[in-house]
Amino acid sequence: MHRSLFLFSFLGASTCLAISVIAQERTPPPSTVTITSAASAANNTTDPALATHSSANPAVPPSKDAAAVESALRIEGEKRFRTNCGRCHMAPHKFPPRVMAAAIRHMRVRAALTDEDMRLILHYMTQ
Amino acid sequence: MLFSASYHGDSKPVSAGTASSLCRLVSVLAQQAVGLLLLFGMALGPRLVAQTPVLNEVKPIPLLTGSAGFIATLDSNEPHLGPIVTPVVLVPLGQRWLIETRGDFESDLTQVPGQSGFHGQFQKGVDYAQLDFIANPYITVTVGRFLTPFNIYNERLYPVWIRDLQTDPLILPIGIGPSNASNGAMLRGGFKVHPTFDINYAVYFSTLTTTEYIDSARFAGGRAGIFIPKTRLEFGGSFQHSLQDERSNSFGFHAIWEPFALPLEMRAEYGRSFQGSGYWGEAAYRLSQVPYLQKQLRHTQLVARLQQSFAGESPDTSLFPVDLKMFEFGVNYYVIDGLKATSSYGRQFRSDGNKNVWTLGLTYRFVFPLGDAWR
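Residue numbers (my numbering), protein chains in the order written: chain A, 67 to 193; chain B, 1315 to 1689.
Honestly, I wouldn't trust all of these hints.
[To be verified] Mimicking PhoX-like on lysine-lysine, the simulated pairs with C-alpha atoms at most 20 Å apart in a straight line are:
{"id": "1", "chain 1": "A", "residue 1": "Lys145", "chain 2": "B", "residue 2": "Lys1544"}
{"id": "2", "chain 1": "A", "residue 1": "Lys160", "chain 2": "B", "residue 2": "Lys1669"}
{"id": "3", "chain 1": "B", "residue 1": "Lys1639", "chain 2": "B", "residue 2": "Lys1609"}
{"id": "4", "chain 1": "A", "residue 1": "Lys160", "chain 2": "A", "residue 2": "Lys145"}
[What the hints assert, rightly or not] What follows is a list of derived Cβ distance ranges for each label pair:
{"id": "5", "chain 1": "A", "residue 1": "Ile141", "chain 2": "B", "residue 2": "Pro1393", "range": "43 to 53 Å"}
{"id": "6", "chain 1": "A", "residue 1": "Arg140", "chain 2": "B", "residue 2": "Gln1429", "range": "42 to 52 Å"}
{"id": "7", "chain 1": "A", "residue 1": "Arg148", "chain 2": "B", "residue 2": "Gly1667", "range": "38 to 48 Å"}
By construction, these hints were calculated from the structure, which means they are not laboratory data. Just so you know, even glycine gets a beta-carbon here, dropped at the ideal spot from N, CA and C.
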């Protein structure tokens, strides 16, 4: 009974993991998703400077496009920071970029942050 | 820490025959399963990493971080002084490697009859010393000594600067092995499987180690959780199978919820093993929305915890001598980022007599870069 339970638990976990990874391989990479969603958020805004990102408007200079994406990434990063870090502890103040890069790698392992969350939080915390 | 009870499993001779063969088979199967998962992670690693563009090119730096605290406790009118320092060293290597280790230096000082002042022994240990390899966005491989991922308190809420109440939950010893850690290998990770929720998991195998300061038991297990960012709700379960002594199973459940509308944290755990069972639920409310005395109250947090534990079937192996019920109430004041003043009152109800537990303390989290942090 114990042997079967144990075996099926591990086989089940392995199968779930395999299916998840295969499913993820068919979706766009996390950063692309983030940038797309961040850009679409920028596009939905009433701010004309942010609403031009994915409209391919030739009249808008590329620097404005970059600023809009940057702004959207920062907002998304802050949101992920509040959502994830606050689950266990008070969200800390910002640290120097290289300190934050080490700390976020530690937290990725410790708190099982997703790759996307880690990158966006690091981006926000190093601005 | 307070109220923690460690289980040091004695290796008994196994009765010959079917039971022994069965246990060996389970052990082999567990090792093979972990091995397969390791191979799986390694094989997919480079391909998946190549798909993920790097958003930040910040080079991480080694860190000395951790926490220090001084907790005074009045337990049934017996005073205890508890200085504690838990330094953490982080050494990132390249893009995907991390060496991390945490030491634990603490003492429980008490008054000795006939002597003045407080006396006690200095205790030290290695909480974890592990090498992490981020194989791909879904799998991190860990080898070495690591905190046993059974429920969430041991791994995520244990440090004195994080915990809202300085006393350990009664059921903390369930499923985490001796000295709260395992020596072996682990696969873990977190990833989005659907736009509305993430999954996190950990599967591990631990070997029997009897060396002082780094002891561990022989077991295998796993934990899986679902996190819903939109509601800030996380819940999950843990399972562990012991591969020594009674060959018993342990399981647990955990949940965390932080509603967006309130500065409130709610956490709960349930654990069950042959050594005993129990649960705890905790709520912490930050007074940042109170319209009066904003300057002071926004740093203040009220905490309450209710917990209950039930003794195991055999008194020899039970983690708890009797059934216990405990209610605690605490007030924390966050002086600055990382520095916290903490206090609590708890009432323990037990069949052999009730008692009060008071705590008062100061905790601090420190971070020192070991190099130029700005370059």
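Tested hints:
1. A/Lys145 to B/Lys1544: Holds. A/Lys145 to B/Lys1544 sits at ~10 Å (cutoff 20 Å).
2. A/Lys160 to B/Lys1669: violated (43 Å)
3. B/Lys1639 to B/Lys1609: violated (36 Å)
4. A/Lys160 to A/Lys145: Given that 20 Å is the threshold and the Cα spacing comes to 15 Å, the pair holds.
5. A/Ile141 to B/Pro1393: 43 to 53 Å: holds (50 Å)
6. A/Arg140 to B/Gln1429: 42 to 52 Å: 60 Å Cβ-Cβ, so the 42 to 52 Å window is violated.
7. A/Arg148 to B/Gly1667: 38 to 48 Å: 45 Å Cβ-Cβ, so the 38 to 48 Å window holds.
Of the hints listed earlier, those the structure fails to meet are numbers 2, 3 and 6, in rising order.
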